[in-house]
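Colleague: What follows is each chain in one-letter form.
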Amino acid sequence: AQSVTQLGSHVSVSEGALVLLRCNYSSSVPPYLFWYVQYPNQGLQLLLKYTTGATLVKGINGFEAEFKKSETSFHLTKPSAHMSDAAEYFCAVSDDTGGFKTIFGAGTRLFVKA
Amino acid sequence: NAGVTQTPKFQVLKTGQSMTLQCAQDMNHNSMYWYRQDPGMGLRLIYYSASEGTTDKGEVPNGYNVSRLNKREFSLRLESAAPSQTSVYFCASSTQGFNQPQHFGDGTRLSIL
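Protein sequences, first through last, are from chains E and X.
Sequential numbering from 753 applies to the first sequence in my numbering.
Sequential numbering from 15 applies to the second sequence in my numbering.
Be aware that a few hints might be false.
Not close to chain X: a few residues of chain E, all C-beta gaps over 12 Å, as computed [as the list claims (entries may be wrong)]:
1. 767
2. 770
3. 794
4. 798
5. 804
6. 824
7. 854
8. 864
9. 866
Straight-line C-alpha distance at most 25 Å; calculated DSS-like pairs for lysine-lysine [as the list claims (entries may be wrong)]:
10. E:801 - E:853
11. E:810 - E:821
12. E:853 - X:85
13. E:865 - E:853
14. E:821 - E:853
15. E:853 - X:71
To be clear, the hints were calculated from the coordinates, so they are not data collected in a lab.
Ideal Cβ positions, reconstructed from N, Cα and C, are used throughout, including at glycine.
If we strip away everything but chain E, and leave its shape as in the complex, we get (with noise of 0.2 Å):
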């Protein structure tokens, strides 16, 4: 069964600095893999996916992923963090044994500093 676990409910960075949001995954399958941005009273927005080839991708906004198989990780980076990058980030993951439904995680909030 598919299962995602996201490291942290809540990160706090200063503008400027890394963002790094850990995104952990089970599938007993190749998968396929989303982060998604949720901001305040709107819906979730994809930020980018995994499907197959390239194991780093590159989504919205400056932000990127790397695939690591031999680590069943997908976490989210971004080099320079902007006040605007302030909202929930959720990672979710598909694959064919779950028909067409998607497992999200519980999210991180993310939190910009001045």
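Add chain X to chain E, keeping to what the hints say.
Modeller: What follows is chain X alone, placed relative to chain E:
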């Protein structure tokens, strides 16, 4: 481009009342989903519709029913609301298949007293 539209945005119900949450998408997507979001629990799938004419239970279907009215519309019904159903409800859609990203509406904030 509207994307996924949910109505209403806010609702307060009394225990035992019924209501239907509406969702419509204009992206010609085949698959649609209903989730609930509770603090610290991420999103949990209530029901989904892989394509027009089909619906299936997700992780937390008890107390809910759905209707895929046509390709655009997918409604969620609470027949007898309970305080445990207080939550934020999101509708989403995708082209088709588990490897496609989902597009979300802005949610319905539902409180049951």
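Colleague: Hint compliance check: list the failing hint numbers for this structure, sorted ascending.
Modeller: Numbers 3, 4, 5, 7, 13 - these are the hints that the structure violates, sorted from lowest upward.
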